[in-house]
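Using the sequences plus the hints, can you model the full thing?
Just so you know, the protein sequences line up as chains A and B, in that order. Using my numbering, you'd call the opening residue of the first sequence number 1 and step up by one each time. Using my numbering, you'd call the opening residue of the second sequence number 1001 and step up by one each time.
Just so you know, these hints were derived from the structure itself, not from any lab. It is possible that part of the hints are untrue.
Straight-line Cα separation of at most 30 Å, DSSO-like style, residue types lysine-lysine; simulated pairs [to be verified]:
#, chain 1, residue 1, chain 2, residue 2
1, A, Lys234, B, Lys1005
2, A, Lys234, A, Lys37
3, B, Lys1024, A, Lys29
4, A, Lys37, A, Lys2
5, A, Lys183, A, Lys29
6, A, Lys268, B, Lys1088
7, A, Lys234, B, Lys1006
8, B, Lys1024, A, Lys234
9, B, Lys1005, B, Lys1024
10, A, Lys183, A, Lys217
11, A, Lys160, B, Lys1005
12, B, Lys1005, A, Lys268
13, A, Lys37, B, Lys1024
14, A, Lys25, B, Lys1024
15, B, Lys1047, A, Lys234
16, B, Lys1047, A, Lys37
17, B, Lys1024, B, Lys1006
18, A, Lys234, B, Lys1083
19, B, Lys1006, A, Lys97
20, A, Lys160, B, Lys1024
21, A, Lys25, A, Lys186
22, B, Lys1024, A, Lys2
Derived DEER-like restraints, expressed as beta-carbon distance ranges [said to hold, decoys possible]:
#, chain 1, residue 1, chain 2, residue 2, range
23, B, Glu1089, A, Asp3, 57 to 63 Å
24, A, Arg371, B, Glu1020, 53 to 59 Å
25, A, Asp178, B, His1017, 32 to 38 Å
26, B, Phe1073, A, Ala212, 30 to 36 Å
27, B, Glu1021, A, Lys37, 21 to 27 Å
28, A, Asp209, B, Phe1073, 53 to 59 Å
Glycine residues also receive a C-beta, built at the ideal position from the N, C-alpha and C atoms.
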Amino acid sequence: MKDRAQVVIIGGGVNGLGTAYQLAKAGMKDVVVLEKKYVMYGASGRNGGGIRAQWGTAENVTLARESIRMFNDLSAELNFNVWFRQGGYLFLAFDEKTLKALDKTTQFHRTVGVKSRVIDVAEASVIAPDLNTEGVVGASFCPTDGIIFPWAVLQGYWQKVREMGVQVETFTGVTGFDQSGGKIRKVRTTRGDIACETVVNAAGCWSRDIAAMAGVKLPNEPVRHEIMVTEALKPFLDPMVVDLRTGLYMNQDMRGEIVAGIGDPHEKPGINFGSSFDFLRRVSRGITDLFPRMRDVRVMRQWAGMYDVTPDNKPVLGRSPGVENLIQLNGASGHGFMVSPMTTKLTAELILHGKARSMDITPFLVDRFDRPLEVQPDAMVIG
Amino acid sequence: MTTPKKIVCLCEDVTEHEVEEAVKAGYSDLESLKRYTGLATGPCQGKACLCTARLIMARAAGTDLSRVGGITFRPPVQPIPLKFLAAKEEKE
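Following this line, the structure appears as structure tokens:
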């Protein structure tokens, strides 16, 4: 392992490797990525692969909308098929109040360049032919939303950055920082120290702990979300389907498996990768309610991952107050994967040019938490 | 003419050659190999292939089995139809 690098990135997930890629692409290749376990151990290897622009705040929409554009080019850029499939996202409303909220959200989407719309039950049946529409009063649909295979994205980035000269050090944990003059001078790891100019904190649910090592306080809280996968089936389901009664989301991945998750309002914050039988029962009820034909389909595997949740459900980006060369890239509250093309690009711009150019990152800065929240948390968080 | 193949993972159709190539490409622990080749992600969830895969990995990497590691086994132990999990209990 090198003992000196221009940039040290903490976290071998989609944000860490994605930032390494954006930097290397711009010519900055003296970059080390530190991963305390194996690549894909964290949320990047555990999420459901949903990609959507149907969010509730302008900032989240912009990040997601531009990221979808970038995901479209990613397979070609990385020379690695990331299995991006735009089958749309179908949000199902079962009461008039929810439908009204969807109507309001889609009207807002039209003002920010997202082609979502409210559709009736008949059209929802065409989009998802096997759907049990009993109780459904309407839905919102955006055809350019879709799904991706997270493992393939990570493999693609990982191979590409290694080819470009970036060092990815797995099984290498960060133990602390040497700081002076308001800057990190060295990153201490389980395999030795690395002197550096800039440090990126892309450690997912561990980001708050990493920031604390440098004396920076983040309000992020890790919250467990469970997920499961069935055996593979013949393709029958194009869109990601979301049941707004329960927060159930399900899609058919490119291997034919059904991947599904469901939120638990009683989940307490804290890192916990355990799987529960309660989840399995709730998700199975949710799936068979929506798709009775799936009753005999077998569950193959369940697991859990962590959302890194901020008070306003928006990511944390940019420089850290008091530690100028520590750049935050975390707190994406369950949608970090789908906005990673943009958040990594913005982070790379900040490192390369001293300023994020593609978008104003003021709404994502750490210091926003020092003031009372100006906006409501994004109501479109699910799962 | 087809080349003879030695299949390691029957569910996901991963060959001995592919495991060896993956090790050469730097996938040196079993968790990483799983996520690269899809090995152990099919209906048997690794019950039929993991011992063989670990031996091949250790041999290809010139290391011992402990360095190859294992994978986290996930519930359920056997695939279960959704209808059994979705069924209501009598008291409900």
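Structure-based check of each hint:
{"no.": "1", "hint": "A:Lys234 / B:Lys1005", "result": "27 Å, holds"}
{"no.": "2", "hint": "A:Lys234 / A:Lys37", "result": "35 Å, violated"}
{"no.": "3", "hint": "B:Lys1024 / A:Lys29", "result": "23 Å, holds"}
{"no.": "4", "hint": "A:Lys37 / A:Lys2", "result": "18 Å, holds"}
{"no.": "5", "hint": "A:Lys183 / A:Lys29", "result": "22 Å, holds"}
{"no.": "6", "hint": "A:Lys268 / B:Lys1088", "result": "26 Å, holds"}
{"no.": "7", "hint": "A:Lys234 / B:Lys1006", "result": "27 Å, holds"}
{"no.": "8", "hint": "B:Lys1024 / A:Lys234", "result": "34 Å, violated"}
{"no.": "9", "hint": "B:Lys1005 / B:Lys1024", "result": "19 Å, holds"}
{"no.": "10", "hint": "A:Lys183 / A:Lys217", "result": "15 Å, holds"}
{"no.": "11", "hint": "A:Lys160 / B:Lys1005", "result": "29 Å, holds"}
{"no.": "12", "hint": "B:Lys1005 / A:Lys268", "result": "49 Å, violated"}
{"no.": "13", "hint": "A:Lys37 / B:Lys1024", "result": "20 Å, holds"}
{"no.": "14", "hint": "A:Lys25 / B:Lys1024", "result": "25 Å, holds"}
{"no.": "15", "hint": "B:Lys1047 / A:Lys234", "result": "24 Å, holds"}
{"no.": "16", "hint": "B:Lys1047 / A:Lys37", "result": "24 Å, holds"}
{"no.": "17", "hint": "B:Lys1024 / B:Lys1006", "result": "18 Å, holds"}
{"no.": "18", "hint": "A:Lys234 / B:Lys1083", "result": "19 Å, holds"}
{"no.": "19", "hint": "B:Lys1006 / A:Lys97", "result": "58 Å, violated"}
{"no.": "20", "hint": "A:Lys160 / B:Lys1024", "result": "16 Å, holds"}
{"no.": "21", "hint": "A:Lys25 / A:Lys186", "result": "25 Å, holds"}
{"no.": "22", "hint": "B:Lys1024 / A:Lys2", "result": "22 Å, holds"}
{"no.": "23", "hint": "B:Glu1089 / A:Asp3: 57 to 63 Å", "result": "60 Å, holds"}
{"no.": "24", "hint": "A:Arg371 / B:Glu1020: 53 to 59 Å", "result": "57 Å, holds"}
{"no.": "25", "hint": "A:Asp178 / B:His1017: 32 to 38 Å", "result": "46 Å, violated"}
{"no.": "26", "hint": "B:Phe1073 / A:Ala212: 30 to 36 Å", "result": "33 Å, holds"}
{"no.": "27", "hint": "B:Glu1021 / A:Lys37: 21 to 27 Å", "result": "23 Å, holds"}
{"no.": "28", "hint": "A:Asp209 / B:Phe1073: 53 to 59 Å", "result": "28 Å, violated"}
The structure does not agree with the numbered hints 2, 8, 12, 19, 25, 28 stated previously, though it agrees with the rest.
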